[in-house]
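J.: Sequence:
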Amino acid sequence: MIDHKALFDAMPVPRLLIKPEGKHFVVEEGNRRAYEYFNRKEEQILGRQVYDFMDSENARHFEQAFEVCLKQKVPVTIQALPSFPGGLRVYGFWINPLLDITGNVVMLDLMAQPNSSDESILERERDDAISLLTSIFDVSEIGIIVSDNNRRVVRINEAFVRTFGWSRDQVIGEDFIFLIAPDEQDMAKENHDRYVKSGLRSSGEMKLIRHDGSVVNTLFTTATLELSQRRRFQVTTIMDITPRKQMELSLRVAKEHADAANIAKSAFLANMSHELRTPLNAIIGFSEMMQNEVFGALGNAKYVEYMGDIHSSARHLLEIINEVLDMSKIEAGRVDLDEQPVDMHDAIESVMRMMASRAFSGGIILNSNVEKNMPPLHADPRLLRQVLINLVSNAVKFSRQGGSIDIDANLNSEGEMTIFVKDTGIGIPRNKIHRALEPFGQIYDSAHAAKENQGTGLGLPLAKAMVELHGGRLYLDSDSGKGTVVTLSFPARRVLHPTMTAVSY
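So in the UniProt record's numbering, spot 235 of the sequence shown is number 235, and the numbers just go up one at a time.
These are calculated hints, taken from the structure and not from any lab test. Careful, some of the hints might be misleading.
No farther apart than 25 Å at their CA atoms in a straight line, the calculated lysine-lysine pairs in the PhoX-like style are these [claimed, not checked]:
1. Lys41 to Lys73
2. Lys73 to Lys23
3. Lys422 to Lys397
4. Lys197 to Lys73
5. Lys197 to Lys19
6. Lys207 to Lys245
Hey, can you work out the whole structure from these sequences and the hints?
T.: And the structure:
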């Protein structure tokens with residue numbers, strides 16, 4: 001970026017920026033010529049009162065000039081001021097008040113007027129300064145645009161041409177507002193008018209339009225370059241910060257995902273306190289009753305019922321643990337597929353038989369419409385079975401008495417195998433479908449669904465991940481009160497010739 005300090009130092013005459021603080025006038029900034037003129041180092045001038053390096057006579061002259069400048073808010077010239085020891089001979093100083101947007105004086109610009117005997121020296125120094133500024137302007141890797149008080153572009157550098165694609169002929173002489181994105185043009189006009197009045201430096205972000213029509217996020221800094229009372233220009237450096245903005249967006253999205261994952265895992269752990277404790281308490285309670293022979297000797301028929309409850313609770317615990325471990329292995333990329341030809345008719349019928357008792361107890365009808373001659377699928381039999389179990393189990397869990405679940409499979413025109421699991425259950429609100437597919441995602445809380453309808457929140461995400469391990473896709477279509485349709489799509493390359501021997505269940 002262009003060094004504004006270098007621009008300030010390149011001026012051939014002494015110049016100070018002085019901040020009025022009551023009766024004190026503190027030097028905020030100075031250039032190299034000013035330090036030479038007052039015969040002091042930079043640290044001996046900045047932050048000090050301007051009177052500290054003047055004799056009493058000069059201090060009195062300046063005090064009177066500052067008072068007029070502050071009250072009348074007009075430039076003041078001090079004529080025939082005696083020379084300062086060790087400095088350039090001058091015949092006066094020009095003091096210009098810098099105003100903020102409310103019209104208050106916030107800074108005094110003090111600039112020396114040279115003695116005529118020094119004009120040849122200053123002429124050479126001015127040429128050197130112009131050469132320096134031109135070099136800085138041309139070699140800068142940051143885009144620079146110089147404009148006048150009427151927003152007309154006076155000059156642009158090569159870096160600006162390179163970055164934004166506009167040629168010099170297309171920009172110079174034009175109102176620079178056309179370079180700014182339409183939604184920021186009004187604000188840019190207001191800011192420009194404010195900068196011209198105050199003469200203060202400004203910076204911020206702004207969207208510019210490239211020659212190809214694309215919009216670029218930029219960081220800009222504008223400073224006023226004053227050659228005389230009537231010749232003022234705004235020098236603006238512009239840097240493309242699009243990569244930084246993209247990185248900020250990526251970090252923000254990543255943080256949102258991380259926050260969502262933390263919330264989901266917290267909800268999962270809270271839910272697991274119920275899911276794990278209930279069967280564990282059942283196992284402990286029933287086993288203690290048997291151990292203590294509460295109903296007499298162990299031959300009592302009541303104990304057989306308890307053993308069934310213990311077995312059921314233990315299997316439920318094992319299912320939960322398996323789901324958590326399976327998801328952990330998938331996320332860690334440690335799942336190796338044991339692929340074989342799988343008979344899809346047998347696989348689906350096997351799952352239907354397994355879920356029949358649970359569906360019957362809930363008054364739910366199971367229907368399978370898979371043809372016996374369905375070609376085998378090249379897949380991992382265990383994972384494929386787990387996917388189907390998860391989907392049918394979810395359908396049973398969230399279906400009401402008298403509802404139905406249909407499973408179908410076919411080949412589409414592109415040879416892909418598609419499996420449908422459709423239920424008439426309570427459905428999922430459309431705005432929560434994405435959450436149902438996220439690990440540990442819970443759609444219903446205890447206020448909307450009974451505890452028996454709660455789970456780990458891993459059933460659908462696991463099914464989705466396992467299908468994707470096979471190069472397939474899982475689609476979810478649902479709405480509140482309208483049931484759910486889960487579609488599995490496997491690529492044509494996994495569909496095998498019907499004559500191949502397939503794994504049966």
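J.: Next step is simple, just say for each hint if it's right about the structure.
T.: Against the structure, the hints:
1. Lys41 to Lys73: Violated. Lys41 to Lys73 sits at ~31 Å, over the 25 Å cutoff.
2. Lys73 to Lys23: holds, 16 Å
3. Lys422 to Lys397: holds, 13 Å
4. Lys197 to Lys73: Given pair Lys197, Lys73 holds - Cα atoms ~12 Å apart, limit 25 Å.
5. Lys197 to Lys19: Distance of about 17 Å is within 25 Å: holds.
6. Lys207 to Lys245: Distance of about 12 Å is within 25 Å: holds.
The structure does not agree with numbered hint 1 stated previously, though it agrees with all others.
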